[in-house]
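Peer 1: Sequence:
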Amino acid sequence: MLDFDAAVEAFWSARHGGPYPLHLEKDLDQDAAYRINLALIDRHAAEGEAQAGWKVGLTARAIRDQFGLPEPVFAVLYRHGRWESGIEVPLDGLTRPGWENELCLTLGKTLRGPGITEEDVRQAVATVAPAMEIIEARGPNSLDGLYSMTADNGQQRAFVVGAETRFDPATHDLGTATVEVFVDGYPQETAPGSAVMESSPLASIVWLANKLAEFDRAVEAGSVIMTGSFTRQYTIDRPMRAEARFDPFGSAVATFT
1 MLDFDAAVEA FWSARHGGPY PLHLEKDLDQ DAAYRINLAL IDRHAAEGEA QAGWKVGLTA
61 RAIRDQFGLP EPVFAVLYRH GRWESGIEVP LDGLTRPGWE NELCLTLGKT LRGPGITEED
121 VRQAVATVAP AMEIIEARGP NSLDGLYSMT ADNGQQRAFV VGAETRFDPA THDLGTATVE
181 VFVDGYPQET APGSAVMESS PLASIVWLAN KLAEFDRAVE AGSVIMTGSF TRQYTIDRPM
241 RAEARFDPFG SAVATFT
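Numbering (this note's numbering), first residue to last: 1 to 257.
Check before you lean on any hint, since a few could be wrong.
[As the list claims (entries may be wrong)] Derived EDC-like pairs (lysine to aspartate or glutamate); straight-line CA-CA distance at most 20 Å:
no., residue 1, residue 2
1, K109, E220
2, K26, D3
3, K26, D144
4, K109, E119
5, K109, D120
6, K109, D168
7, K26, E9
8, K109, D216
[Claimed, not checked] Distance ranges between label pairs, derived from CB positions:
no., residue 1, residue 2, range
9, E119, S13, 36 to 46 Å
10, E9, E119, 16 to 26 Å
11, T95, E198, 41 to 51 Å
12, E198, H16, 31 to 41 Å
13, M1, E84, 40 to 50 Å
14, H16, P192, 36 to 46 Å
15, Q123, A163, 20 to 30 Å
16, T255, F4, 36 to 46 Å
17, P19, D247, 21 to 31 Å
18, W12, Y186, 34 to 44 Å
19, M1, T176, 44 to 54 Å
20, D144, K109, 33 to 43 Å
21, A221, F4, 27 to 37 Å
No lab work stands behind these hints: they were computed from the structure. C-beta: ideal position from N, C-alpha, C; glycine also.
Full structure from sequences and hints, please.
Peer 2: See the structure below:
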């Protein structure tokens, strides 16, 4: 049986260099993992690490099917993890890193579920920015460590954000936006926004707002949302320059040294 308070302490310790508590995996379920992660938001705030918003992961059906999951997962973004496009990052400060290519949306008004619709989200989004999520595989990157990964904030390390564009719901269809991914200047793949939730990045926020309602939380005005990758996850296993060019929203770039 899970000792919730002890589990919170174990995952808090892991975020400060302590051992990764994979031994708790057998006692966790997804609900408990979410509650551990949410419980640590106030701990971070007390250390000056305020929440910036949320991320939605496993937004691609193929990845959910691979993990045997019926829905995506959410985790927390912190302000200290927001990196501006063009940043140079030493690899020796990261643990088994990678990145994903996604749009970062900022809300102009609060969304409180249940019952949030895509039209509600469309009217709430204030800006859109090209972005990359920087992840760390601190535990097993597989179903065997899924609940621990959720409690450990869903592999979230940072998010690289480019210039923001004011969102116009009359002209911006995020499902038809595309990203072209480059490594060291060489093209890797092109993918559409419809790869996110088999629809659009807006659908990620619909899911998020309604899911957070189960925990008596809302997506507050001013929050930034990493809405899920258009592409597969890329590994950072050597010095490299990563770039995600989003049409029509511009680029996010990070160099790893």
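Peer 1: Hint by hint, note whether the structure agrees.
Peer 2: Hint check:
| no. | hint | result |
| --- | --- | --- |
| 1 | K109 - E220 | holds, 7 Å |
| 2 | K26 - D3 | holds, 12 Å |
| 3 | K26 - D144 | holds, 9 Å |
| 4 | K109 - E119 | holds, 13 Å |
| 5 | K109 - D120 | holds, 10 Å |
| 6 | K109 - D168 | holds, 15 Å |
| 7 | K26 - E9 | holds, 17 Å |
| 8 | K109 - D216 | holds, 17 Å |
| 9 | E119 - S13: 36 to 46 Å | holds, 43 Å |
| 10 | E9 - E119: 16 to 26 Å | violated, 42 Å |
| 11 | T95 - E198: 41 to 51 Å | violated, 31 Å |
| 12 | E198 - H16: 31 to 41 Å | holds, 38 Å |
| 13 | M1 - E84: 40 to 50 Å | holds, 45 Å |
| 14 | H16 - P192: 36 to 46 Å | holds, 40 Å |
| 15 | Q123 - A163: 20 to 30 Å | holds, 23 Å |
| 16 | T255 - F4: 36 to 46 Å | holds, 41 Å |
| 17 | P19 - D247: 21 to 31 Å | violated, 44 Å |
| 18 | W12 - Y186: 34 to 44 Å | holds, 41 Å |
| 19 | M1 - T176: 44 to 54 Å | holds, 49 Å |
| 20 | D144 - K109: 33 to 43 Å | holds, 40 Å |
| 21 | A221 - F4: 27 to 37 Å | holds, 31 Å |
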